[in-house]
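Between the sequences and the hints, there should be enough to build the whole structure, so can you do that?
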Amino acid sequence: MRGTLSARGADAGAPGAGSNGGGTRFEGGSSSFGFSGSFGVSGSGNGGSGGNSGAGGSGGAGGAGAQGGFAGGGAGGTLRIVGTEFDLQASIDVKGGANSNASASAPNGRLQVGAHTADAYSAGAVNGTVAIVDAPKDANPFFAGAPQTPYIANLKEGAAIAGIVPNLNAGAMLSGLPVPQRAVGAIVFTIIDFPGLRYNTSNSTALLYLNISGAALNNPKMGAGASNFSSALKQFGWSKDARFGGVGPSTLFDLPKDAVYATLTSGPFNDLSNLSATATLNGAGASLEFSSIHLNEVVFILLPEAPCAGDLNGDGLVEDSDFAVFASMYDLFDCAIMPPGCGADMNKDRFVDDADFVLFASAYDQLVCP
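Add 18 to the 1-based position in the sequence shown for my numbering, that's all there is to it.
Keep in mind that the hints are not guaranteed to be accurate.
Claimed, not checked - Below, computed lysine-lysine pairings styled on DSS-like, alpha-carbon distance capped at 30 Å:
#1 K366 with K275
#2 K174 with K275
#3 K155 with K174
#4 K239 with K155
#5 K258 with K275
#6 K275 with K239
#7 K239 with K174
#8 K174 with K258
#9 K239 with K366
#10 K275 with K155
#11 K258 with K239
#12 K155 with K258
Claimed, not checked - Here are the in silico distance ranges between beta carbons for each label pair:
#13 N314 with K155: 21 to 31 Å
#14 A244 with A302: 22 to 32 Å
#15 D333 with A260: 49 to 59 Å
#16 A164 with F351: 53 to 63 Å
#17 D289 with N365: 17 to 27 Å
#18 N218 with H312: 15 to 25 Å
#19 F287 with F351: 52 to 62 Å
#20 D333 with G264: 49 to 59 Å
#21 N221 with S339: 46 to 56 Å
#22 W256 with D372: 30 to 40 Å
#23 N237 with P125: 31 to 41 Å
#24 N236 with E337: 30 to 40 Å
None of these hints come from the bench; they were simulated from the model.
Even for Gly, the Cβ is constructed at its ideal location relative to N, Cα and C.
Right under this line is the structure:
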């Protein structure tokens, strides 16, 4: 937004002038008769009655009315700018209107701003109070307890708490990373901005579900925060919103090839526990290799292992060549520094240790895979 946004209070008008006084007229009434004259000297008659007095004069005109008092200016208004993402470089005029005697002005108004990714905003361009308010959020079904999480702008169905990120390719995101052979999907937990995916990395962490199977993934689900908790991926957006005539989110039964589905956490987290992600491909179920994830880590969604878990080289036998592979991983101990899939981690606890050796030894004793 550019230019000037205004909710300025109106200036007061000039005082009103006094009006002329009205004419007032009260005529005086006639006086009563005068008293009889006194007796005359001997031999003379009585004197006649005195004559009537004259009528009273008219009253004077009323004085001029007083000048009207000084008027106060209108208070500045409130501008509220709230959205998932915007670029605000406009001047904000919410100044209160001037009083009619120019001695003072009415109170200034205020600017309320709420966004998850405000590119540019200069508080010096506002001549009123600035208040930071919440940007759009909603309950997120992918986290236990359905916490309120921020909207993401520019998703396929419009701004929402989750959805497919247009023009973001899952395979390209993982380019250069080793990917397990059985991987059909991946979960990424990150604070990195990718093209088409922008958010406030100080307030939230992105949880991404990637389809790297080369085909559509069926019945994709994801969840975190509680044991065995997950929810089907959903399509949100304004067209699904009941406030705009929609009927609510709909289930995303198929995640398209190379699609990236994104949502945000309710805070800046460094890890997630009780993580779950599943899907099916050609009727085979795939699940997450680990049940936790750390910041800026990738965890893969894998098709089932071969029936013989100890067959680390896939030759149908569990023998010395597999033991050599197991021993090399046992020496490294931590799956984080091993090849993707960490095949020797037979109990899936992210470490190759004595507990895994017990399981491997049992398979080694049988030699031939069932």
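Self-check item: Satisfaction of hint between K258 and K155, Cα-Cα up to 30 Å
Solution: Given that 30 Å is the threshold and the Cα spacing comes to 15 Å, the pair holds.
Quiz item: If you draw a straight line from the CA of K258 to the CA of K275, is it 30 Å or shorter?
Solution: holds (23 Å)
Quiz item: Between K239 and K155, does the CA-CA distance stay at or below 30 Å?
Solution: The given pair, whose Cα atoms are some 22 Å apart, holds under the 30 Å limit.
Quiz item: Hey, K155 versus K174, does the alpha-carbon distance stay inside 30 Å?
Solution: Since the Cα atoms of K155 and K174 sit roughly 18 Å apart, the hinted pair holds (cutoff 30 Å).
Self-check item: Cβ distance range 22 to 32 Å for A244 and A302, holds or violated
Solution: holds (26 Å)
Quiz item: In this structure, is the beta-carbon distance linking A164 and F351 contained in 53 to 63 Å?
Solution: violated (38 Å)
Self-check item: Distance restraint evaluation - D333, A260, Cβ atoms, bounds 49 to 59 Å
Solution: holds (58 Å)
Quiz item: So the hint says 46 to 56 Å: do the beta-carbon atoms of N221 and S339 match that?
Solution: With Cβ atoms ~51 Å apart, the hint holds.
Exercise. Hint says 30 to 40 Å; check whether the CB-CB distance for W256 and D372 agrees.
Key: violated (55 Å)
Quiz item: Would the pair K275 and K155 pass a check requiring their Cα atoms to be no farther apart than 30 Å?
Solution: holds (29 Å)
Quiz item: Does 31 to 41 Å hold as the CB distance between N237 and P125, or does it fail?
Solution: violated (58 Å)
Quiz item: Do the alpha carbons of K275 and K239 lie within 30 Å of each other, as the hint requires?
Solution: holds (16 Å)
Violated hints, in rising order: 16, 19, 22, 23; the structure is consistent with all others.
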